[in-house]
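Chemist: If you're matching them up, the sequences are chains A and B in order. Start counting the first sequence at 1; every next residue gets the next number (our numbering). Start counting the second sequence at 273; every next residue gets the next number (our numbering).
Hints should not be assumed to be uniformly reliable.
Once the Cα atoms are required to be at most 20 Å apart in a straight line, the calculated SDA-like pairs of lysine to any residue come out as [as the list claims (entries may be wrong)]:
id	chain 1	residue 1	chain 2	residue 2
1	A	29	A	44
2	A	2	B	273
3	A	2	B	303
4	A	2	B	315
5	A	2	B	291
6	A	29	A	158
7	A	29	A	184
8	A	2	A	59
9	A	29	B	303
10	A	29	A	10
No lab work stands behind these hints: they were computed from the structure. Remember, it's a predicted structure, so these values are computed and weren't measured experimentally.
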Amino acid sequence: MKPAPFDYLRAHSVGEAVRALADADGDGKIIAGGQSLLPVLALRMARPRLLVDINRIPGLSTITPVDGGVRLGALVRHARLAGQTAHPLLAEAARWIGHTAIRSRGTSGGSIAHADPAAELPVVAAALEATIHIAGPGGTRATTATELFTGPLETTLAEDEMITAIDLPSPQRWGFAEFSRRHGDFGLVTVVAAEVAGRWRLALGGVGGVPLRPAEAEHLLNDGAPVEQVAAAAAAAVTPSGDIHASAEYRRAMTEEFTRRALTPDTERAAA
Amino acid sequence: MNVEFTVNGTRHEADVEPRRTLADALRDDLGLTGTHLGCEHGVCGACTVLVDGEPVRACLMLAVQADGSSITTVEGLAGDDGTLHPLQEAFSAHHGLQCGFCTPGMLMSALDLLHRETRPCRERIREELSGNICRCTGYVGIVDAVQAAAEEMDSA
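The shape of chain A in the complex, shown without the other chains:
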């Protein structure tokens, strides 16, 4: 299956990229790693008139320390994220993204912009209350992960905007647990727990249209409730849909179990 024809522009600056998107009048798409976009094009689920390639824009590939965390440039590849030591939760999450050949091309900005509720980075961004930096023809703005994700593959990004960077605080303590049928597949359930500035947050992936924050479970966790009670509250907060891979009941049960695992240190789990 081959993509439908499109024009191609290799952008050399963020300004050039967003101007090209604006000129395309809603019929342009950014391409970075292309690991989600190219399958969509090959299946002709999308037929944009213009692809704007941002891979050669300088300055978007850095990981820099920013107060209390890291700033990921939009073009930071998953392989690089998996190998860095500045942010261990991000490294762990990145190791669960696809396969090696996918991780060498796929980018942080692309994963957030694609907003797949079963993908790892959106769940981490939700748990860490990430700040997303966005550029458009009229200037720049910042938003939160919660505000950005509005539905499966849907965000508040305008047609002429692109993500330039993502700020993620470094948690004091954290847990990451994912279940997938085969290593590298999308998670049926992904659970991220992170303690930032003394407060725990939980985010659940794969069990809703966007990464979910189970408010009651977070509340119980911060009140020092037993892990079993927190896990039960997380499961009660989701109404997943069933598909060929897993029924809704199974996904809810896995939400409970993997919330428990995300909140149980490896040493305790191994001893149990």
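Assemble chain B onto chain A, guided by the hints.
Modeler: Below, chain B without anything else, positioned relative to chain A:
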């Protein structure tokens, strides 16, 4: 658009449509049909090649994006005199291929793994090859072959 890249040490130029994937450019424009196309949306791994030393799905990269890159395909594994690479020898010796369709992708993914780890355990080999699908389900022979090649290359 005109693109220029080096494939297995040889410089090539091609005039490609923007929608042309790297896999199609390699196969149809350069005649390097060792790179196989299975699913064409990044699932099967048969089209895996190395671009600037990193493994990529050639069906998920546009040829125009590879402009200026150095690419290694399965044709680049054997020596100039036809001597097979230790991985190719091991796939043959350990029954690592049946129909052979997935073999180029398996070889390139395994090559990348052995570039990064000299003696990966069987679990690591399985994990790293999990993105390559063998429809003959010949995985045991493939894992045997990669392990044997790792030993051969490490002791060489």
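Chemist: Would you pick out the hints that fail for this structure and give their numbers low to high?
Modeler: The structure breaks hints 7, 8 and 9; every other hint is satisfied.
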